[in-house]
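Undergrad: Could you fit the two chains together into a complex? Lean on the hints.
Protein chains in written order, with this note's numbering: chain Z, 137 to 374; chain G, 123 to 414.
Among the hints, erroneous ones may be present.
In silico DSS-like links for lysine-lysine, alpha-carbon gap of 30 Å or less [stated by the list, open to error]:
| id | chain 1 | residue 1 | chain 2 | residue 2 |
| --- | --- | --- | --- | --- |
| 1 | Z | Lys317 | G | Lys406 |
| 2 | Z | Lys355 | G | Lys406 |
| 3 | Z | Lys317 | G | Lys368 |
| 4 | G | Lys368 | Z | Lys220 |
| 5 | Z | Lys220 | G | Lys302 |
| 6 | G | Lys406 | Z | Lys220 |
Hints in this document: simulated from the structure, not taken from any laboratory. Remember, predicted model here, so these are calculated numbers, not experimental data.
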Amino acid sequence: MSTAVKLAEPGAIIFDLASAELRDLNGTLQGLDLTTNQTSWAVLNPRGEHAIAVGITTPVNVTIDGHVGYYCGGMNDGANIIIKGNAGPGVGENMMSGSIHVLGDASQAAGATAHGGLLIIDGNATARCGISMKGIDIVVKGNVGHMSAFMAQSGNLVVLGDAGEALGDSLYEARLFVRGKVASLGADCEEKPFTDEDKTILADLLKKAGSDAAVADFKRYGSARTLYHFHVDNAGAY
Amino acid sequence: MCGIAGLFLKNKALEPQLGSLTAGMLSVLTGRGPDSAGVAIYGAGTPGAVKLTLRAPAHYDFPALAAGLGVTYSLHDDHAVFVIPQAREVEIRTALAAHPEIAIVASGSRIELFKGVGLPDDVSKRFGLEKMSGTHAIGHTRMATESAITTQGAHPFSTGPDQCLVHNGSLSNHNDVRRKLIRENITFETQNDTEVAAGYLSWKLHTGAKLDEALTSALNDLDGFYTFVVGTESGFGVLRDPVACKPAVMAETDDYVAFGSEYRALVDLPGIANAHLFEPEPAKVYFWEHAA
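Here chain G stands alone, though its shape is the one from the complex (with noise of 0.2 Å):
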């Protein structure tokens, strides 16, 4: 099982509708996945500065922290957003190592990334996804097969800056390829299935791949099933494995581009009627962008 909602918006005029459409997406698919939910969200970013989405323990006193570093942030319950300038991103994050109840989910010129146990009504609520604006968002609903039901267990997963990714399906060789992305220096924090896919995406990244060329290579290397569903700062990705093994919708028309885990997740989007609907074909890669 598992659900995902993916939304591209083309229209500006939409921008600040994408978390209340996206926390709906959300809400139909909780029976795909009652466990867990998260969300990806590129919001606007400020010239010269960094945004790092922090997740600590309930009640932590990120104001606090916040303050002793002299940074901008906003709350998000267990989240917390800082802002902070480029030039000091290695100071802050020497900082931050020093506090091992801090674990840095995304950082990025524009992501900001939220994820916990729970129906997803109640995480988009604990959150404020409701509230939030921006130009493309990717959630989904979790129902753990491959590891345990925690934060950390929970999509999307995000490996490098503004790239984010959320799976429905199993991936059957992610320990070996686990392994060697290890020796490549990528780092993991879990066992799961999933952020092997992110880390390997952002390994082929960071040697100089484009997105759509990292996906195909994917085709390669990854076995198992799978539907994924990648961000980065200006677009979105779709990629299904060869046997199509897990459903997917996708919704086109001038204002959107939508992902679902099925039709019922889409119905509610503006426009739905008269959108181009189709299912995304196995084993091709599908990519929307803005311009830069």
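Chain Z extracted, bound-state conformation (with noise of 0.2 Å):
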């Protein structure tokens, strides 16, 4: 027995993508329905594949023991999924519900326009994290790359360490939570008064995240909302 099946959850169906079509896998996630007794799932040797456990729409739980490639969790609609390792472009991209937890890092576009769910990053996120983020709550633990946030709608990012250049760039709604350095801030992106709700929201999204990280050490950026409505004064911005 491998060390990988022994991290498995104790009665979980195990899928070796070394033998097995990734298709097959996720064909077969994406054809339960909500009374499946099949709750637990461990994906064995996803040697970075592309769109590993996409299009989930029940609420069972999938561990992949290893790195992923693109999109993993794409689409994620109830599922709770574990990637013990890291990230490839946009993981967790259109998330409606669920949650994705990254145990490493996480590459480009990570949370990229998803709706709903909680998406979890242990280590470091790279360019453009929570790119058009439309009510999406993500949590890095590491540092934001540049252009995180930009152009989001809706949601809360929560990053524990630095974020780079141009954070919520275009920023429409969304709140943002830094707690390290802030390179510069994106067009229309400025630091806000932190709120009594603010401080629900970040507290309870840091619990969940399991980081006992001091509220009051955050600072919290949003929208000036100045580039809503055309102005010539603004035409640079634009």
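TA: Pasting the structure below:
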């Protein structure tokens, strides 16, 4: 028995991508209905493949033992996915609900366009984390790269480390919480007063992410709402 | 798209496997670039000798040409590597100039460069990449965007001794830069944007810049999307554009430094499970070099 198998939840159904087809894995997971008793899955040997565990619509647990490629957990609607490794570009892209927990680092565009659910990244996320996010909660325990939360519309991005250049550029809405340094704010992103409602939301997200970071150490950023309507003085910012 | 694979060995024991490891990485990257593929491989050099990698139409009689010039050679499908005494380089280049069907695709003390149209696996097989050894190699799988699918348009590009470049992305100011470089006596064989980047770096190196300095100035002078991997006689460098438009993953162990457009390309490298994995940061020059 490999270490990987021991790491899987007791009773988990094991899908070893060294021998099984990725298409079969996704077809099986997508075919589960709400009455299924098969609620625990372990995926072995992901080998950086793309689109692992995408489009699941039932609240099952999926543990992936290793690094994954593009779009892991994309369009997730209810599943709780744990990635025991790094994730490639677009992890959790367009997630609707459920959770994805990356134990390593995430590449670019983590949580892009996602409408809901919780994405936790224990390491760093690179550029464009939360780009065009539409309701997802993202907690990054390390740093995020440049242009994170670009054109974000709704949801919460929590960064325990530093944020790269142009944070929140062209932000519509969404709350951004950063504990570390912000290299620069993007167009129309500004620091906001830290309200009691913000503090409650942040404390809840930190708790869900298993972090003991202090709410008081964060700053809160959001949209200045000056780009909502065209004004000639802002022409350079578009 | 396009895929890049680079491998720089620190452990000499792995040198006989350089070709097979590189071929494996290129094979995985077929999905990112199925049009054509190529590789620059830095093998053993002979003191006082120069390697010329030549390309000719299929079935060209390289043995007869080598016999006529009195040089040793190795044959790799439509490419051949001529090993010539340094003292005869000018004479032999002059003789080769009388053969317009032959292109000199690379020259230097250690570089050998092979590229062609077709699936990466087929290209690797044609050139016998599996059996090649060396200290570092840079390979590319191409999905053409800026110029036609031809052998000349495949990567890597070499425009200076022991120098080569592969590129994922597209440059937007390559015509302007090409015109400027032509005035600096850099010659170009294609309309390809990547050849301009290779020519630019060769020009910078020729004017005395070190590779890291040349790459740093590229950040100011080249506009567009790019992840570059650059090879020299003693090492390789990596540079991504400031927006980091194109993907890149690196792995470092005590035995090697590897570059892949995706982690997938690295999964079969020895000891990858314990490698330090990271994404090179945008607009930051990375360089690894063997001591001379």
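Undergrad: The structure should be examined with respect to each hint, and the outcome stated for every one.
TA: A quick look at each hint next to the structure:
1. At roughly 19 Å between alpha-carbon atoms, Z/Lys317 and G/Lys406 fall within 30 Å of each other, so this suggested pair holds.
2. Between Z/Lys355 and G/Lys406, the direct Cα distance comes to roughly 28 Å. Compliance with the 30 Å bound is thereby established for this hinted pair.
3. Distance restraint check for Z/Lys317 and G/Lys368: the Cα-Cα separation of roughly 26 Å lies within the 30 Å cut-off, and the hinted pair is therefore satisfied.
4. The hinted pair formed by G/Lys368 and Z/Lys220 meets the criterion: a straight-line CA distance of about 25 Å does not exceed 30 Å.
5. At most 30 Å may separate the alpha-carbon atoms for a hinted pair to count; Z/Lys220 and G/Lys302 exceed this at roughly 50 Å.
6. Taking the CA atoms of G/Lys406 and Z/Lys220, the gap is near 28 Å; set against the 30 Å cutoff, the hint holds.
Violated hints amount to a single one, hint 5; each of the other numbered hints is respected by the structure.
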